[in-house]
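J.: Here is what each chain is made of, one letter per residue.
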Amino acid sequence: MTLEYDALSEGTELPSEQRTPTTDQVVAFCNATGNAGPQFLDPEFAKEKMGLPGPIIPGNMKQGFLDQYLRRHFGRNQITRLQLNHRRPDVHNAEMTLGGEITRTYEADGRRMADLEIHIDNPQGDRSVRGAATIAFD
Amino acid sequence: MSDDESLITPAMEAAIGTEGEPREVTIDKELILRLMHALDEDDEELMAAVESGDTSYPIPTYALLTTSTSQRQLNVPDAPERALMAADAWEVKADIHLGDKMTIVPRLAEIQERIGGRVGHSLFINHEWVYTNQDDVEVARVRRTVTHFQARHTGE
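Protein sequence lines correspond, in order, to chains A and B.
Using the numbering used here, you'd call the opening residue of the first sequence number 4 and step up by one each time.
Using the numbering used here, you'd call the opening residue of the second sequence number 9 and step up by one each time.
None of these hints come from the bench; they were simulated from the model.
Worth double-checking, as some hints may not be accurate.
[Said to hold, decoys possible] Among chain B residues calculated to face chain A with C-beta under 8 Å, some are:
| # | residue |
| --- | --- |
| 1 | 20 |
| 2 | 24 |
| 3 | 27 |
| 4 | 43 |
| 5 | 46 |
| 6 | 74 |
| 7 | 77 |
| 8 | 93 |
| 9 | 95 |
| 10 | 97 |
Glycine included, every Cβ here is placed at the ideal spot set by N, Cα and C.
Starting from the given sequences, assemble the full structure and let the hints guide the process.
T.: Spelled out as structure tokens, the structure:
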């Protein structure tokens with residue numbers, strides 16, 4: 004269901020959503036974007052060379068998931084800003100929880116806007132991505 | 009190299025602010041469909057618009073991810089080989105459509121140094137790309153911070 008501007012205020016929480024990207028999805032993402040770094044696909048490289056727990060989810064794939072998450076809640080309203088800080092790696096086939104909360108509603112340049120804090124948590128409850136977004140309402 | 013010694017070399021410093029050659033790319037229907045599949049897109053209206061090749065329907069910002077191969081990071085001299093994406097920031101100013109012809113201009117925006125943290129002594133290198141469409145409208149400004157480090161990641 005699309006959230007309307009008038010229903011939002013500081014502290015409004017978006018329903019959380021779970022995503023579990025599989026290795027096949029990561030491969031498909033890397034093929035579609037031409038982003039085939041070995042840390043995303045090669046277990047040995049990820050562990051031995053990089054010191055990671057295993058092949059990881061590309062940061063811009065998580066960006067895609069958050070873009071999608073925001074559109075699910077704000078429909079065709081425009082996402083004018085999407086900022087992510089990648090704090091921890093997420094690995095394949097592990098559940099990620101996406102969430103968000105309104106931090107401000109306001110008008111700017113004749114448009115109604117909402118700022119949000121957005122995040123992704125890993126299965127241990129650690130925040131792997133912390134970010135911010137702005138939605139411009141039609 | 010000791011932790012006291014800066015990782016920012018004169019060559020690196022000289023590279024800050026340089027722009028790369030513009031690259032042109034078209035927002036391609038087949039790549040967008042593949043990306044939507046990878047992300048398990050379930051927006052039926054969007055899927056129908058993309059499958060029909062509707063060039064008037066605004067598509068998600070994530071469409072810009074399909075231009076990654078043309079959104080190359082400028083080479084940073086002397087940067088440590090190990091690298092992970094640390095942050096991404098998209099500022100979107102106009103709608104994106106199938107078939108849009110984008111010109112992408114890369115720039116090495118900034119380099120910061122950090123001692124400590126999960127990867128030890130490291131560099132945070134900020135790359136920026138400006139996307140302009142066929143109507144000369146600036147569509148998006150994308151900034152990416154990549155951490156370059158010498159030690160292995162702690163895995164956490």
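J.: Taking the hints in turn, state whether each one holds.
T.: Outcome of the hint check:
1. 20: Check failed: Cβ of residue 20 of chain B comes no nearer than 22 Å to chain A, outside 8 Å.
2. 24: violated, 22 Å
3. 27: Nearest chain A Cβ about 22 Å off; hint violated.
4. 43: holds, 4 Å
5. 46: With Cβ-Cβ at 4 Å, under 8 Å, it holds.
6. 74: It holds, given that the least Cβ distance between residue 74 of chain B and chain A is near 6 Å, below 8 Å.
7. 77: Constraint on residue 77 of chain B satisfied, holds at 4 Å.
8. 93: holds, 4 Å
9. 95: holds, 5 Å
10. 97: holds, 4 Å
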